[in-house]
Amino acid sequence: SSGRSFTTIIILSEVKLCKSKEAEIKRINKELANIRSKFKGDKALDGYSKKKYVCKLLFIFLLGHDIDFGHMEAVNLLSSNKYTEKQIGYLFISVLVNSNSELIRLINNAIKNDLSSRNPTFMCLALHCIANVGSREMAEAFASEIPRILVAGDTMDSVKQSAALCLLRLYKTSPDLVLMGEWTSRVVHLLNDQHMGVVTAAISLITCLSQKNPDEFKTCVSLAVSRLSRIVSSASTDLQDYTYYFVPAPWLSCKLLRLLQCYPPPEDGAVKGRLVECLETILNKAQEPPKSKKVQHSNAKNAILFEAISLIIHYDSEPNLLVRACNQLGQFLQHRETNLRYLALESMCTLASSEFSHEAVKTHIETVINALKTERDVSVRQRAADLLYAMCDRSNAKQIVAEMLSYLETADYSIREEMVLKVAILAEKYAVDYSWYVDTILNLIRIAGDYVSEEVWYRVIQIVINRDDVQGYAAKTVFEALQAPACHENMVKVGGYILGEFGNLIAGDPRSSPLVQFNLLHSKFHLCSVPTRALLLSAYIKFINLFPETKATIQEVLRCDSQIRNSDVELQQRAVEYLKLSSIASTDVLATVLEEMPPFPERESSILAKLKKKKGPGAVSVTELEDNKREGGELNGGSDRGPDTAAMASTPSPSADLLGIRSAAPIGAAPTSAGSLLVDVFSEAGPAAPSAAVNDDGFLRFVCKNNGVLFENQLLQIGIKSEYRQNLGRMYLFYGNKTSVQFASFSTTVSCPGELQSHILSMDFYFTCSLTKPVEPLVEGGAQIQQVLNIECITDFSDAPLLNIKFRYGGALQNLTLKLPVTINKFFQPTEMSSHDFFQRWKQLSQPQQEAQKIFKANHSMDTEVLKAKLLGLGMALLDNVDPNPENYVCAGVIQTKSQQVGCLLRLEPNAQAQVLHIDATALCLDKMNHCASIPPVISGAALKTCKTRHGHTSSEDKSCVGKESISQELRILQKGDKQD
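Residues 1 to 981, numbered by the working numbering, are exactly what the sequence shown covers, in order.
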């Protein structure tokens with residue numbers, strides 16, 4: 001035996017020592033001929049010889065040579081009772097046997113024999129082979145047998161581990177064949193197994209199964225929390241066999257935390273409390289001094305910490321944990337380890353979108369800016385830029401934009417285009433002064449003109465034309481920018497367009513006289529491309545209309561051979577036509593043809609789509625699209641709304657919405673201030689009735705905000721982003737395929753239950769991937785698509801519309817019905833009023849049918865900022881210095897519907913000592929209707945509870961009082977909101 005082993009070693013050594021490919025092939029062919037002759041000639045070949053020669057064939061195959069014999073000998077080895085022979089047989093089959101091989105039936109029979117042998121070693125070898133091959137034929141043969149082995153009471157722990165991982169492999173390759181059914185509860189209870197290896201293997205299987213079938217495996221949550229609690233609270237000596245560098249069971253802890261991310265926060269108070277304790281313990285341990293200086297110790301601790309932070313972010317419901325997680329990540333921002341800095345920046349990008357942790361993230365702005373300037377690793381710098389983008393709001397927009405512009409001058413070329421898009425989006429979204437926006441974009445063109453896409457300078461033109469108050473400043477600024485010796489072509493485009501339209505606004509200054517403007521533009525003409533020259537020719541003909549004194553000079557330019565005989569047909573045609581137009585048209589005709597451009601109708605902002613495309617498909621999740629949750633109330637009646645503070649109008653592209661949804665007023669309505677030009681985008685669409693049970697888990701979270709993740713399970717993530725103006729609304733629905741498998745027959749319908757069909761009109765509900773091209777009913781793995789739902793509120797309502805989603809995954813039909821977060825408070829119009837006016841009207845609305853009140857205990861600590869944020873998110877105006885008691889909050893607003901206006905007042909009296917809140921609300925139908933709006937659940941547990949309202953006619957005296965007011969849209973609100981946060 002030793003001699004034959006030595007011979008094998010010699011042969012393998014000779015192959016390795018071959019100095020050329022030809023020599024190796026020659027030696028391999030010689031050995032293959034020898035093995036073939038042994039298999040054919042020696043019918044009584046013993047098991048050891050077969051094992052030896054099969055092992056040689058396997059080695060030769062791994063060297064890259066084809067093997068076309070020896071398969072039957074390998075199958076014969078499976079029937080051996082010796083471990084080493086059986087092991088080589090299974091190894092050969094796992095590597096070389098095709099799933100379509102004629103030998104599969106023989107192999108399956110051998111595997112069945114080993115699985116029924118009750119020999120744990122042989123059972124493990126058989127399970128490993130099934131998992132390695134993982135074919136559909138294997139799944140058909142053994143998918144029903146392996147769960148029985150897994151949960152059997154007499155199965156060895158090592159076999160259970162192999163069975164769990166084998167079943168996981170088969171489920172991933174053929175999910176339709178692996179049906180747990182009666183085994184579900186017993187598989188879940190493997191989380192309580194005493195053997196940690198079994199638990200570790202089982203949790204991988206349960207995580208995968210729960211992602212596909214969350215309801216069937218929801219009982220795993222309490223067991224996972226219990227197991228996690230025992231691990232986290234144990235000392236390293238308690239789990240000695242599973243302690244890695246003083247960290248108890250780090251891999252199992254990470255898997256448990258990852259499993260919990262498949263589900264919403266536990267509903268059971270005791271389970272949730274225990275989980276919160278676990279997360280607090282993990283955060284506390286991260287602050288403890290390290291027990292070892294080994295890098296493995298810190299890696300294990302940090303792995304658990306980051307998974308815990310991911311779970312905290314996923315729940316987004318524990319303010320204290322979110323803030324603590326943010327502070328912990330803030331410490332990593334200056335860690336000497338580059339990987340930790342990268343991960344901290346990446347996690348904080350997600351934390352910045354939470355209303356609870358956004359302010360905490362902002363405290364690290366200086367550290368992040370420093371990282372952007374000083375980090376050596378470009379990937380870390382890019383994450384720093386992403387975090388600055390995510391933490392940006394009105395309070396720090398100018399500082400962040402300035403820092404990003406400064407960094408842009410020395411930024412890596414690979415990220416410059418993305419940086420340009422982000423600066424453009426932030427400058428537009430948070431512009432409270434449009435002159436600052438113009439300065440920013442022109443500075444952007446100056447610094448990185450080559451990376452400024454057409455979408456960016458198109459947007460500048462739209463905004464300047466739509467706003468009279470910035471046109472003169474824009475003309476003056478761009479005129480000065482064009483005087484630079486080296487001027488980017490994009491600057492010439494912007495300058496040509498703006499001066500052609502508004503050059504007359506600065507023509508009174510001798511330094512920018514009409515002729516000076518023309519000469520300045522024409523000095524750039526010969527340096528520009530054909531499209532820019534065409535734009536400049538159009539600017540010249542506009543000059544003739546604005547400044548008749550320049551007519552002769554411009555006609556001379558148009559008349560020259562380089563223009564009317566230009567080789568480019570577009571330039572030639574423009575020159576000839578403009579020359580003829582300026583020669584034969586009267587002044588009135590010329591003024592009519594060349595009149596100032598009318599305001600642009602609002603349209604989708606293509607900057608956003610370009611940014612998502614730059615980051616790659618699937619790179620921007622729905623959660624990342626919630627660019628700033630804390631400003632969600634602003635779109636729904638926040639106190640910042642107004643001409644000086646409203647963000648510029650911009651409708652998001654179908655593929656991304658990082659800027660914020662900006663709708664528009666119906667055609668024929670007077671345009672609103674701050675550039676909120678509204679467009680009628682509504683047309684009827686008939687709803688269809690859903691058939692699935694209604695899921696309203698995420699409904700209440702959206703009463704006081706407009707953006708976020710509405711629903712998420714292991715297959716699908718649904719996010720929404722919406723905006724409401726008066727009685728109109730637009731909701732963007734983002735569907736994300738979280739799997740790697742294609743969704744087929746994907747379809748959605750919206751229905752309005754009961755009387756809601758006549759109260760809310762669902763219109764123009766379409767399913768697209770872009771503005772114009774309809775999407776096929778196939779959603780690729782990892783892809784995200786979008787739908788737009790336009791809404792009009794006809795009258796008051798209490799029920800919410802239902803969204804039904806149907807699709808096929810792995811051949812199984814998935815049917816899901818969700819409550820869409822369309823509540824009556826979305827149609828609030830905030831109204832300001834003085835203390836005298838507020839209480840005068842409050843006293844007038846004292847009839848029982850006009851008032852409702854509620855006293856209730858607060859669910860959370862009564863934080864002033866949280867209460868204010870919730871009240872603003874409700875949609876009313878939060879009135880300062882109105883109530884004599886500074887601890888109280890008063891609000892006012894009008895519910896806008898097509899058929900009526902409902903004025904509402906609200907007064908919230910917190911008692912911090914008793915942790916009690918008293919809410920009192922009054923309402924009045926301003927349009928003499930016989931009923932007012934009732935509002936579905938609203939404010940968080942820290943604020944309001946359900947308060948049923950009663951409505952009725954006001955007296956004629958009341959109505960006349962309201963009619964006398966100079967404020968046309970007033971209010972009083974009655975609110976209700978039994979709501980977890």
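Worth double-checking, as some hints may not be accurate.
Derived pair list, reagent style DSS-like, types lysine-lysine, alpha-carbon separation capped at 30 Å [as the list claims (entries may be wrong)]:
id, residue 1, residue 2
1, Lys-38, Lys-16
2, Lys-738, Lys-218
3, Lys-524, Lys-580
4, Lys-30, Lys-19
5, Lys-806, Lys-843
6, Lys-16, Lys-26
7, Lys-272, Lys-294
8, Lys-272, Lys-285
9, Lys-551, Lys-476
10, Lys-806, Lys-854
11, Lys-285, Lys-398
12, Lys-172, Lys-738
13, Lys-82, Lys-26
14, Lys-19, Lys-38
15, Lys-26, Lys-40
16, Lys-43, Lys-30
17, Lys-272, Lys-857
18, Lys-38, Lys-26
19, Lys-30, Lys-16
Because the hints were derived from the structure by calculation, they are not lab data.
Right, here's what the structure says about each hint:
{"no.": "1", "hint": "Lys-38 / Lys-16", "result": "holds (23 Å)"}
{"no.": "2", "hint": "Lys-738 / Lys-218", "result": "holds (19 Å)"}
{"no.": "3", "hint": "Lys-524 / Lys-580", "result": "holds (24 Å)"}
{"no.": "4", "hint": "Lys-30 / Lys-19", "result": "holds (16 Å)"}
{"no.": "5", "hint": "Lys-806 / Lys-843", "result": "violated (52 Å)"}
{"no.": "6", "hint": "Lys-16 / Lys-26", "result": "holds (13 Å)"}
{"no.": "7", "hint": "Lys-272 / Lys-294", "result": "violated (34 Å)"}
{"no.": "8", "hint": "Lys-272 / Lys-285", "result": "holds (20 Å)"}
{"no.": "9", "hint": "Lys-551 / Lys-476", "result": "holds (22 Å)"}
{"no.": "10", "hint": "Lys-806 / Lys-854", "result": "violated (41 Å)"}
{"no.": "11", "hint": "Lys-285 / Lys-398", "result": "violated (38 Å)"}
{"no.": "12", "hint": "Lys-172 / Lys-738", "result": "holds (14 Å)"}
{"no.": "13", "hint": "Lys-82 / Lys-26", "result": "violated (34 Å)"}
{"no.": "14", "hint": "Lys-19 / Lys-38", "result": "holds (28 Å)"}
{"no.": "15", "hint": "Lys-26 / Lys-40", "result": "holds (21 Å)"}
{"no.": "16", "hint": "Lys-43 / Lys-30", "result": "holds (21 Å)"}
{"no.": "17", "hint": "Lys-272 / Lys-857", "result": "holds (20 Å)"}
{"no.": "18", "hint": "Lys-38 / Lys-26", "result": "holds (19 Å)"}
{"no.": "19", "hint": "Lys-30 / Lys-16", "result": "holds (15 Å)"}
Figure legend: structure checked against the earlier numbered hints; hints not met, in rising order: 5, 7, 10, 11, 13.
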